[in-house]
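Use the sequences and the hints to build the structure in full.
Residue numbers (our numbering): 1 to 192.
No wet-lab data here; the hints were simulated from the structure. Ideal placement from N, C-alpha and C gives every residue a C-beta, glycine not left out. Any given hint could turn out to be false.
[Unchecked claim] Keeping only pairs whose Cα atoms sit at most 30 Å apart, straight-line, the calculated DSSO-like set for lysine-lysine is:
no.	residue 1	residue 2
1	K88	K121
2	K95	K110
3	K96	K110
4	K66	K88
5	K121	K110
6	K121	K66
7	K110	K174
[To be verified] Okay, the calculated beta carbon distance ranges per label pair:
no.	residue 1	residue 2	range
8	L22	R83	34 to 44 Å
9	D20	G97	37 to 47 Å
10	P19	L171	18 to 28 Å
11	F73	G52	12 to 22 Å
12	R189	S84	17 to 27 Å
13	R62	P153	21 to 31 Å
14	D23	L171	22 to 32 Å
15	R186	E55	19 to 29 Å
16	R60	R106	17 to 27 Å
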Amino acid sequence: MTDRFDERLNQVLPRLLSPDVLDNRGAGGEIGFWIFDYPVERELDMRQWLTGVIEPGIQRQRPDLKYTVIDLFQEVLAILQERSLLEKAYEMQTKKGDAALLASLRSVLKEDRLAARLADKTDAANLDLLIIKGVGAVYPMLRTHTLLSALHPHMSHTPLLMLYPGVYDGLSLKLFNTLTDDNYYRAFRLVS
1 MTDRFDERLN QVLPRLLSPD VLDNRGAGGE IGFWIFDYPV ERELDMRQWL
51 TGVIEPGIQR QRPDLKYTVI DLFQEVLAIL QERSLLEKAY EMQTKKGDAA
101 LLASLRSVLK EDRLAARLAD KTDAANLDLL IIKGVGAVYP MLRTHTLLSA
151 LHPHMSHTPL LMLYPGVYDG LSLKLFNTLT DDNYYRAFRL VS
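This is the structure:
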């Protein structure tokens with residue numbers, strides 16, 4: 001017996017490869033930012049589906065499609081390593097706690113800087129699709145709605161899919177189905 005999550009997963013690849021998504025046609029002329037929200041307890045299933053079904057499916061059905069998958073958590077780690085802050089961050093968390101660590105990382109992990117970095121790293125202007133994962137792992141260091149807003153100027157011609165462990169109702173993001181982020185209404189649910 002399949003559950004609702006499995007039914008929705010089975011719609012991802014056809015929807016992702018549809019002209020509406022790939023031609024960056026959002027409703028009302030909006031930029032094609034898409035969110036696939038899913039129950040947080042299905043995180044491991046989502047990861048497996050991405051690497052075992054979605055990516056091979058794209059390569060098989062659309063070998064010409066230029067796409068990239070970005071893991072936000074790996075990007076945060078890379079930023080901290082590049083700035084020689086990773087070990088210091090571990091020490092600060094141990095000695096001063098999470099709140100002090102988050103406050104000190106705020107200036108390093110600004111969403112607008114991360115958006116520019118992602119656009120440069122992926123050569124977003126020449127991509128056909130950008131997929132973002134790792135949203136839950138970077139909370140509360142990054143805010144999803146702020147990152148999406150910061151990505152808009154960099155991604156005007158490139159559709160984006162964010163895999164989101166929580167609920168997106170078209171108006172607001174609710175991470176882990178409990179933490180309400182600010183309103184964000186410029187993205188579309190990939191599948192209902």
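Hint check:
no.	hint	result
1	K88 - K121	25 Å, holds
2	K95 - K110	24 Å, holds
3	K96 - K110	21 Å, holds
4	K66 - K88	37 Å, violated
5	K121 - K110	16 Å, holds
6	K121 - K66	14 Å, holds
7	K110 - K174	21 Å, holds
8	L22 - R83: 34 to 44 Å	36 Å, holds
9	D20 - G97: 37 to 47 Å	46 Å, holds
10	P19 - L171: 18 to 28 Å	26 Å, holds
11	F73 - G52: 12 to 22 Å	20 Å, holds
12	R189 - S84: 17 to 27 Å	40 Å, violated
13	R62 - P153: 21 to 31 Å	27 Å, holds
14	D23 - L171: 22 to 32 Å	25 Å, holds
15	R186 - E55: 19 to 29 Å	26 Å, holds
16	R60 - R106: 17 to 27 Å	42 Å, violated
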